[in-house]
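As they're listed, the protein sequences go chains A and B. Numbering follows our numbering, with no gaps: position 258 of the first sequence is 258. Numbering follows our numbering, with no gaps: position 363 of the second sequence is 363.
One thing to keep in mind: the hints can contain errors.
Pairs count within a copy or across copies, as identical chains cannot be separated in the list.
To be verified - In silico BS3-like cross-links for lysine-lysine, where the CA-CA straight-line distance does not exceed 30 angstroms:
1. Lys57 - Lys367
2. Lys57 - Lys335
3. Lys380 - Lys367
4. Lys223 - Lys283
5. Lys262 - Lys225
6. Lys349 - Lys262
7. Lys223 - Lys57
8. Lys283 - Lys97
9. Lys64 - Lys97
10. Lys87 - Lys225
11. Lys30 - Lys64
12. Lys223 - Lys262
13. Lys64 - Lys380
14. Lys252 - Lys225
15. Lys360 - Lys283
16. Lys194 - Lys360
17. Lys34 - Lys97
18. Lys283 - Lys225
19. Lys95 - Lys30
20. Lys3 - Lys57
21. Lys80 - Lys225
22. Lys335 - Lys95
23. Lys367 - Lys252
These are computed hints drawn from the structure, not numbers from a lab. Predicted, not measured: the structure shown is a model, and the values here were computed from it.
There are 2 protein chains.
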Amino acid sequence: MPKTFVIAQGGGPTPVINQTMAGAALEARKRYPKAKVLGALHGVRGIRDGRFAELHKVSEEDLKAIAATPSAALGSTRDKPDAAYTKLVLEGLEKVKADVFVNIGGNDTSDTQRILTDAAGDRMVFMHAPKTIDNDLMENDHTPGFISAGEFVAAAFKSVDFDFRSLPGIYVGIVMGRHAGFLTAASAAWRDEKDDGPHLIYVPERAFSTAQFIDDVKRVMDKHKRCIVAVSEGVTTADGTSLVEAIVGSDKVERDAHGNVKLSGSDLNRAFEQALAEGLPGKRARVDALGYLPRSFIGTGNRTDAREAFKAGAMAVATAEQGGASIALQYEGGKTVFRRVPLASVAAKTRHMPDNFLNKDGTGLAKAGTAYFERLIPRKYRTGRPFV
Amino acid sequence: MPKTFVIAQGGGPTPVINQTMAGAALEARKRYPKAKVLGALHGVRGIRDGRFAELHKVSEEDLKAIAATPSAALGSTRDKPDAAYTKLVLEGLEKVKADVFVNIGGNDTSDTQRILTDAAGDRMVFMHAPKTIDNDLMENDHTPGFISAGEFVAAAFKSVDFDFRSLPGIYVGIVMGRHAGFLTAASAAWRDEKDDGPHLIYVPERAFSTAQFIDDVKRVMDKHKRCIVAVSEGVTTADGTSLVEAIVGSDKVERDAHGNVKLSGSDLNRAFEQALAEGLPGKRARVDALGYLPRSFIGTGNRTDAREAFKAGAMAVATAEQGGASIALQYEGGKTVFRRVPLASVAAKTRHMPDNFLNKDGTGLAKAGTAYFERLIPRKYRTGRPFV
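Taking the hints into account, I'd like the entire structure generated from these sequences.
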């Protein structure tokens with residue numbers, strides 16, 4: 001009987017998550033020419049509801065065009081299966097006679113695979129292919145999606161720095177990142193000279209204090225007449241409360257099925273606007289969130305990232321016969337290598353930025369951080385030096 | 001005696017305003033090899049304060065590298081000279097023995113040139129080279145900077161549409177544009193299929209009503225399960241008050257030297273968030289401002305736009321001996337032609353989107369609008385069709 005593969009995409013999309021989907025689908029078709037390859041629409045929800053795209057009927061050309069398109073072409077989900085939901089997903093997988101289920105996503109998605117493995121015993125193979133712009137998966141040097149998103153963030157802050165040389169003031173750019181500051185720190189990847197922005201970065205790995213923030217901005221303004229700030233939406237005060245939660249009140253914040261606080265409202269913008277208006281009255285200040293652009297912008301999509309994302313999907317299929325696992329991108333001997341690691345070593349865990357990536361006060365990159373981001377996110381554009 | 005040119009940049013930067021600066025500087029050096037070419041730092045303010053870059057000493061190679069860099073490399077200003085300031089600027093120009101002053105900018109900058117012309121009589125030539133991402137200069141088919149910024153906006157909304165196919169909900173993207181909706185309307189330039197976003201656009205040329213907005217979003221959500229909205233920061237209610245002013249209170253809004261209301265705070269974000277929370281309770285909604293990225297993003301920078309921007313600067317210098325004027329980009333016989341037009345025909349005036357660019361209810365492009373944006377902003381990226 002021909003094999004049946006189910007592929008799904010979970011969590012926030014990335015510019016290259018479709019590469020992983022295409023990598024898995026094309027590898028399955030290459031290894032098992034008669035295989036059925038079903039793409040679950042909107043992740044586990046599509047499996048539960050019996051909604052699939054028949055990827056074995058899509059031409060290789062069309063799959064490659066989709067691979068080069070940002071965001072999750074199968075649709076994604078933030079559902080986190082509880083016991084009853086898990087049962088329905090397993091029934092859905094059995095209904096289509098799935099042999100292998102490749103779920104592409106981050107730590108929540110890998111946790112879903114772990115839960116399904118615990119529930120399903122040996123009835124099928126559950127593979128996890130890594131994806132997250134947050135770069136926060138354990139066992140990984142970096143994750144598919146991060147390089148492209150990081151490239152957007154580096155480009156955006158390089159651009160805003162040019163803008164604020166022209167019309168000086170204070171800029172605060174809010175970057176996605178709940179628990180890990182990698183993406184926010186990528187804002188500093190393309191600094192060339194000492195006075196280049198971003199001049200300050202704030203990440204969830206270090207306690208955030210509004211008073212200290214204002215002092216930091218004052219210091220930079222005195223020195224450079226402008227101040228470019230990159231801040232993670234998940235920055236957290238010393239008592240461990242996220243800044244959004246501290247502002248909105250923990251009884252009022254919205255949460256998703258995974259218990260994550262909703263960070264995407266304008267509360268954080270407003271808090272920074274007010275802090276700057278009070279701390280540096282009369283200074284031109286602008287606070288913006290980069291929002292979804294880092295994870296979906298059609299104009300970024302780094303080639304290395306695309307290639308690695310494709311390979312991660314292909315390897316999840318190619319090694320499924322060895323049993324369920326997560327695919328990890330590790331760095332050894334000057335290159336990225338792909339390894340199988342236990343689902344439990346990745347599931348529902350968060351990798352934080354190593355302590356030595358940040359300087360002493362936590363507002364800039366230290367040598368190890370600079371080296372890491374320069375290795376991963378090489379400069380893409382040549383620019384001249386402004387006269388101001 | 002060798003000629004002296006002064007070049008300045010005014011108003012908000014664009015991705016190609018440095019092309020115009022380089023075009024003017026290199027044309028001056030070509031025509032008058034011994035000319036002094038002074039770049040005023042931060043516009044008229046630099047002239048007043050005697051702060052200049054000596055552009056005749058910068059290598060052609062360096063000037064071309066700067067030309068390809070977004071934002072105003074000489075620094076910009078929002079100062080609007082009153083009588084006393086005008087006198088200081090004229091003194092500053094006479095101090096450096098300026099023969100020609102080329103000021104690159106939008107309608108406020110061209111007004112500065114008009115004021116200087118009125119004050120200075122025949123003592124020197126005042127040229128205006130067009131620049132604005134708002135595309136709102138009279139006499140022009142389009143303005144240098146608009147194509148690049150429009151390309152960013154088209155790409156951003158194409159990207160966000162992919163994102164929201166994956167995780168459905170409502171997205172409101174706020175786009176720069178005080179009085180003219182061209183840049184916001186450019187969000188629809190790359191729609192391919194009928195269900196592609198943006199599904200709704202709101203521009204300053206049509207009265208905005210929050211109740212109508214909610215009805216519109218409900219209609220789109222029923223049809224597509226997601227709703228992508230592009231809205232100009234300058235949208236205005238039926239009584240002629242900008243929405244920001246209506247929200248903040250006209251006594252409390254901040255204004256710049258030109259009397260323009262500050263639109264860049266998060267008040268508008270919050271107003272849309274609250275309207276959606278009340279009008280469509282429980283629906284996932286995200287409101288973001290694209291902020292400065294359309295005008296400064298290093299990754300956009302359309303080649304046609306760059307070439308036209310360069311040429312506008314060169315022509316300002318090349319035709320200065322005919323007397324003060326503004327350079328206009330007009331469209332005739334299927335191509336863009338450059339013409340000299342009187343400063344007064346551009347100065348402090350605003351070109352709005354032609355009425356026939358929008359459909360009847362004003363929330364989408366009509367045929368003439370689609371044709372205009374497709375001509376100006378050709379698709380740059382190939383994408384596949386998602387399964388959802």
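Do the hints match the structure? See the list:
{"no.": "1", "hint": "Lys57 - Lys367", "result": "neither (50 angstroms within a copy, 37 angstroms between copies)"}
{"no.": "2", "hint": "Lys57 - Lys335", "result": "neither (36 angstroms within a copy, 45 angstroms between copies)"}
{"no.": "3", "hint": "Lys380 - Lys367", "result": "within (21 angstroms within a copy, 37 angstroms between copies)"}
{"no.": "4", "hint": "Lys223 - Lys283", "result": "within (15 angstroms within a copy, 45 angstroms between copies)"}
{"no.": "5", "hint": "Lys262 - Lys225", "result": "between (34 angstroms within a copy, 21 angstroms between copies)"}
{"no.": "6", "hint": "Lys349 - Lys262", "result": "within (19 angstroms within a copy, 44 angstroms between copies)"}
{"no.": "7", "hint": "Lys223 - Lys57", "result": "between (61 angstroms within a copy, 28 angstroms between copies)"}
{"no.": "8", "hint": "Lys283 - Lys97", "result": "neither (64 angstroms within a copy, 35 angstroms between copies)"}
{"no.": "9", "hint": "Lys64 - Lys97", "result": "within (26 angstroms within a copy, 62 angstroms between copies)"}
{"no.": "10", "hint": "Lys87 - Lys225", "result": "between (60 angstroms within a copy, 27 angstroms between copies)"}
{"no.": "11", "hint": "Lys30 - Lys64", "result": "within (15 angstroms within a copy, 49 angstroms between copies)"}
{"no.": "12", "hint": "Lys223 - Lys262", "result": "between (36 angstroms within a copy, 26 angstroms between copies)"}
{"no.": "13", "hint": "Lys64 - Lys380", "result": "both (24 angstroms within a copy, 18 angstroms between copies)"}
{"no.": "14", "hint": "Lys252 - Lys225", "result": "between (38 angstroms within a copy, 27 angstroms between copies)"}
{"no.": "15", "hint": "Lys360 - Lys283", "result": "within (28 angstroms within a copy, 43 angstroms between copies)"}
{"no.": "16", "hint": "Lys194 - Lys360", "result": "within (17 angstroms within a copy, 53 angstroms between copies)"}
{"no.": "17", "hint": "Lys34 - Lys97", "result": "within (14 angstroms within a copy, 81 angstroms between copies)"}
{"no.": "18", "hint": "Lys283 - Lys225", "result": "within (10 angstroms within a copy, 42 angstroms between copies)"}
{"no.": "19", "hint": "Lys95 - Lys30", "result": "within (24 angstroms within a copy, 76 angstroms between copies)"}
{"no.": "20", "hint": "Lys3 - Lys57", "result": "within (15 angstroms within a copy, 71 angstroms between copies)"}
{"no.": "21", "hint": "Lys80 - Lys225", "result": "between (47 angstroms within a copy, 21 angstroms between copies)"}
{"no.": "22", "hint": "Lys335 - Lys95", "result": "neither (42 angstroms within a copy, 60 angstroms between copies)"}
{"no.": "23", "hint": "Lys367 - Lys252", "result": "neither (40 angstroms within a copy, 46 angstroms between copies)"}
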